[in-house]
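Asker: Taking the hints as your guide, dock the two standalone chains into a single complex.
Those protein sequences? They're chains V and A, same order as listed.
Letter by letter, the first sequence follows residues 596 to 865 in my numbering.
Letter by letter, the second sequence follows residues 9 to 261 in my numbering.
Don't take each hint at face value.
[What the hints assert, rightly or not] Computed Cβ-Cβ distance ranges for the label pairs, DEER-style:
(1) A:Phe-190 <-> V:Cys-611: 46 to 54 Å
(2) A:Ala-151 <-> V:Arg-729: 34 to 42 Å
(3) A:Phe-190 <-> V:Phe-614: 38 to 46 Å
(4) A:Leu-47 <-> V:Gln-767: 51 to 59 Å
(5) V:Gly-640 <-> A:Leu-47: 50 to 58 Å
(6) A:Trp-147 <-> V:Glu-690: 34 to 42 Å
[To be verified] A few chain V residues that face chain A, going by a derived Cβ cut-off under 8 Å, partial list only:
(7) Thr-652
(8) Arg-676
(9) Ala-677
(10) Ile-679
(11) Gly-683
(12) Phe-685
(13) Asp-689
(14) Leu-692
Everything labelled a hint here was simulated from the structure, so no lab data went into it.
Each residue gets a CB set at the ideal place from its N, CA and C atoms; glycine is no exception.
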Amino acid sequence: MTGQASAPGIVARDLCKSFGNHLVLDKVNLQAVEGSILALLGPNGAGKTTVVKILSTLLKADAGTASVNGFDVATKAADIRASISLTGQFAAVDEILTGRENLVLVARLRHLKDPGPIADDLLTRFSLIDAAARRVSTYSGGMRRRLDIAMSLIGNPQVIFLDEPTAGLDPQARIEVWQTVKELAEHGTTVLLTTQYLDEAEQLADRIAILHEGRIIANGTLDELKRLLPPAKVEYVEKQPTLEDVFLAIIGVQGKDGGAGNRRSVGTDD
Amino acid sequence: MTTHLVGDTAVLLGRSLRHITRSPDTIITTTIMPIAFMLLFVYVFGGAIKSGAGSYVNYLLPGILIITIASGISYTALRLFMDMQSGIFERFQSMPIARPSVLWAHVLTSLVANLVSLLVVVLVALLMGFRSGAGLLAWLAVAGILILFTLALTWMAVIPGLSAKSMDGASAFAYPLIFLPFISSAFVPTDTMPGPVRAFAEYQPVTSIVNAIRHLLTQQPVGSEIWIALVWCVGILIVAYIFAMFSYRRRIS
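Next comes chain A alone, as it looks inside the complex (with noise of 0.2 Å):
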């Protein structure tokens, strides 16, 4: 069983990766979201905000890839929504394989397609002015970052995928997560909040996650920030995939 693991969620990556390139649309429409709303910050909002030295655009990158990775899980979830619905979850499960293979290639898959996306966003931030003098190892931090922070939301997303009765359903929960970075550091310094808002944008976990990133790619020191998104992104992580294993284990008995 075990044995074919790793082949089946291989040939299974395979399968669902075609669907990206066949379908390249999800790409374009998980990134379409985050770059317009770069545009709008930089172009219409940023004159207005006093986010300290350096150009906007710098400061407002590692939020707007917070928010590419909300908008890309969606999909992850739609799709395994999706092989639910058509049957050909239960066809994967009645077969000789090892049946874990069918999530864990959603997940790659979710990785895969993210990653692309990630890139697109950046390559259009780096049109609009975006520069950094960031090492290769503060950029290997960063993706590093970036990669957890996926998985996480995935595993997230692997839930909804697997419970929800419809499609708006499987993608719905997508958008508090989208929203999140508006009230975080993301786009603005906390330090003009009125004080719960405040509260609350220092304590949840896109702050930590977003200057832990801004500060690698500005050459600034991380601090204690990167530990503390570090512990943000695996304990999102670990949460979801046992949520994610419960609902799995729904389905199958």
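Just chain V, with the same shape it has in the complex (with noise of 0.2 Å):
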């Protein structure tokens, strides 16, 4: 809207963070852009869900800046929860409740009019119809997750943090979960997702950050992620890198660790 540059939807400066004597976060960069997805990617452990809860005001940061939607999360937490959505690990869904009460609560929390007519727009546009009236108890791991991603697009908040939004999913459900994330940004939601599959930080990211123990260790379009490889030997056969290939080769595993200077980040922007 205002300078296209500068008008990110979520900046993350030199972020730290411990537990105890644990040092989780040291020092993460990450910036997406508005309307962009970025990818956090890293096994388990490496600090995605600590990233995930300091931008979305569940943690405070032990050191460094972030901001989201144009707001400090240190002195403007209000305004961030005004402004995004946090969809977690665990579908955090009331299982007691029905998929349609379930809808209710969160719009009548974000203080909305006419929560009834919000609550069936979205059941209809996640198929969940016809089990609206059932308690979510009853509902498999896809519909649960279907649900909570319709409970976070409630309000259309401008971010959306998506915290692992395909674990334990069939691949029929994670194939709907990526439309649905992709149609978000399509709309000009900014979108933060943490995954350890590769092949969804690939199919649905603009950028993918790369999270090993704590730091950023990569940070690019995926196609600055594969030009830090060495260039591709041709013998019989040119293999393209996959994304697989980038992220083992990056955080050191088998035995690729010789070049130190794969160890840089690249996408700090000028």
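Answerer: In structure tokens form, the structure reads like this:
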């Protein structure tokens, strides 16, 4: 809207966080431009959820700064909460309520008028209308996740955090979630998604940041990340590196940790 | 922010009350133990206990009501713990709501659930022959003490609800509270107990609360007992509230 490059959805600078003596985040830098999808890729325990919790004002950083939708996490937490939605690692739905009641609950808590029509609209959009009056405890994993994401869309937040949105889903449900995420970004929502699935990052993300042991060790578009590898050797077949190759090479697995030049990060926009 | 406190609390209270109406077994399991104790003590041990004049069920009921509250608040801790586990607590905390409303909704739900359980227990006691000639004012005083005691124990239950690592841990803290009435004047007069036990019994909160309620229900002068009971309730309430807020802040920082 105003000054394109300087109206970013999410910016984090030098975020640090320790739990006791355990350093979880070590100077994490991130940026997601408004309306883009940023994938935070990393194995379990890399600190992905901690990043999401700091950005969604559930945790305070020990050092560093961050802003979401133009608001500072340290001083404007309430404004951030009004402009974001968080979909946590486990479908955070109320099992005893029905699907529709869950949606109405969130709409009420967001202080929206007419929670009923909002709920019905989302139930239709997420193919849950037939299950609307059933308790969520009877839903399948995919249905729960759809409801979870539907709850996150209420109030049209400008920024959405999805913490491992497809963990534990079957391939079909996974593709449905991917479709939803793409549509969100097309409509201008900024999405930060964490994942440990390489193909998910490859499929969805405009930019990918790789978090390993609390540090961002690579950050860029898929093409930029691919260029991090030494040029492919041409033998019989030219094989383009997949994101998986890139990932394993830069975190230093399988003896490929030799080239120190591999360990630089890219995409620090000048 | 604070302008939404009442509205958000009401919405979230509606949510957890729906949990109770949809699984009324929590009320049943809350009341089963106190009712079982009441049956056991009135029909098995009661004949051998000399509690003074009047029927034993009249003597016993105040202590049974305390046990009812102690067993009820373990569900408060459990409900809060489940919200923490499922991630819905974090979802609420990341939304533009008055954040304390999440806790207040649980506290008020606890109050409503406990009042329903207390009512059930009193009705069973009536069937068992409990009678009181107490007037409206005395009953209101009894209700006031019970509400205050419920709030005090509820804020105490918030602490394990927020910080427990397992479901058992969240509810286990209630067991010592359930057995506290046994070492008090709830079942037998304290003057039959040996020295140290008697000293403990006479200076622990349950005895003064039970005595105050008993005197109100049997239309005896309550004397200083009711003030000691109130000081205990308010004291526990304040200390529990401070520690609950402390564990709450630890969870959201």
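Asker: If a hint holds in the structure, say so; if it doesn't, say that too.
Answerer: Taking the hints in turn, this is what the structure says about them:
no.: 1; hint: A:Phe-190 <-> V:Cys-611: 46 to 54 Å; result: 52 Å, holds
no.: 2; hint: A:Ala-151 <-> V:Arg-729: 34 to 42 Å; result: 39 Å, holds
no.: 3; hint: A:Phe-190 <-> V:Phe-614: 38 to 46 Å; result: 41 Å, holds
no.: 4; hint: A:Leu-47 <-> V:Gln-767: 51 to 59 Å; result: 55 Å, holds
no.: 5; hint: V:Gly-640 <-> A:Leu-47: 50 to 58 Å; result: 53 Å, holds
no.: 6; hint: A:Trp-147 <-> V:Glu-690: 34 to 42 Å; result: 39 Å, holds
no.: 7; hint: Thr-652; result: 7 Å, holds
no.: 8; hint: Arg-676; result: 5 Å, holds
no.: 9; hint: Ala-677; result: 4 Å, holds
no.: 10; hint: Ile-679; result: 7 Å, holds
no.: 11; hint: Gly-683; result: 4 Å, holds
no.: 12; hint: Phe-685; result: 5 Å, holds
no.: 13; hint: Asp-689; result: 6 Å, holds
no.: 14; hint: Leu-692; result: 7 Å, holds
Violation of the numbered hints given earlier is absent; every hint is satisfied by the structure.
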